[in-house]
Amino acid sequence: DAMVIQNPRYQVTQFGKPVTLSCSQTLNHNVMYWYQQKSSQAPKLLFHYYDKDFNNEADTPDNFQSRRPNTSFCFLDIRSPGLGDAAMYLCATSSEGDSRGTDTQYFGPGTRLTVL
Amino acid sequence: DAKTTQPPSMDCAEGRAANLPCNHSTISGNEYVYWYRQIHSQGPQYIIHGLKNNETNEMASLIITEDRKSSTLILPHATLRDTAVYYCIVRDDDMRFGAGTRLTVKP
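Chains as they are written, first to last, in the working numbering: chain B, 1 to 116; chain A, 117 to 223.
In isolation and in its complexed conformation, chain B is listed as follows (with noise of 0.2 Å):
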């Protein structure tokens, strides 16, 4: 079945060490996206490529950064992990057209990540 696949499904890290986790999928989608849902929280959209064009959100911490390398998947850095950083990280796929706002996403299963 095609799907969003996310690798690994826990992370652990230690304080200030580089982290990158992974996306990839199998639906040919154009739109590739980064979501941090903190404990309790909802999800916030970090920042999206559509094709090759990297949109970054204005309050995104710089420590975050992003990789496509291809259609099939993405990377998520985080240069200096904190304890702030610890979340949950979801990676979700559209196929958009000309019209934004009426694509629909679909998530992978999400990364939990701990900083210790």
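None of these hints come from the bench; they were simulated from the model. Be a bit skeptical, because a hint or two may be false.
As the list claims (entries may be wrong) - Derived lysine-lysine pairs resembling BS3-like cross-links, with alpha carbons at most 30 Å apart:
hint	chain 1	residue 1	chain 2	residue 2
1	B	Lys-52	A	Lys-168
2	A	Lys-185	B	Lys-52
3	B	Lys-44	A	Lys-119
Stated by the list, open to error - Derived CB-CB ranges, DEER-like:
hint	chain 1	residue 1	chain 2	residue 2	range
4	B	Leu-83	A	Asn-169	43 to 51 Å
5	B	Gln-41	A	Thr-181	23 to 31 Å
6	A	Arg-197	B	Thr-114	41 to 49 Å
7	A	Ile-179	B	Phe-15	19 to 27 Å
8	A	Ala-129	B	Pro-61	38 to 46 Å
9	A	Gly-145	B	Phe-15	45 to 53 Å
10	B	Phe-15	A	Thr-172	47 to 55 Å
11	B	Gly-84	A	Glu-182	43 to 51 Å
12	B	Thr-114	A	Asn-169	40 to 48 Å
13	B	Asn-55	A	Gly-131	42 to 50 Å
14	A	Ser-144	B	Gly-84	28 to 36 Å
Think of the CB as a built atom: it goes at the ideal place given N, C-alpha and C, for glycine as much as any other residue.
Given chain B, put chain A in place with the hints provided.
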């Protein structure tokens, strides 16, 4: 900021219809109403969306008022597996989640 207001929590008896309200009084003419749900420790799952007309699919029905300032998601026969946080989202370009409604389906 989210453009929607939802009750923080609701209960529903198993087998009964669950009616989840959402207010979006500042919605503009070309903005869609989307509903997603998130079961504990999983990614959000798309349920349904609409613009002006009522919509129905295999999961739920969406009723949008004529002035489009509010909507109701209806799960016709709720099961225990429908226990989740339900998010009503008004889309401009990006999808911004509000706090959602935590629905608990009870036996």
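For this session: Mind listing which of the numbered hints don't hold for this structure, in increasing order?
Result: Of the numbered hints given earlier, those the structure breaks are 1, 2, 6 and 7, listed in rising order.
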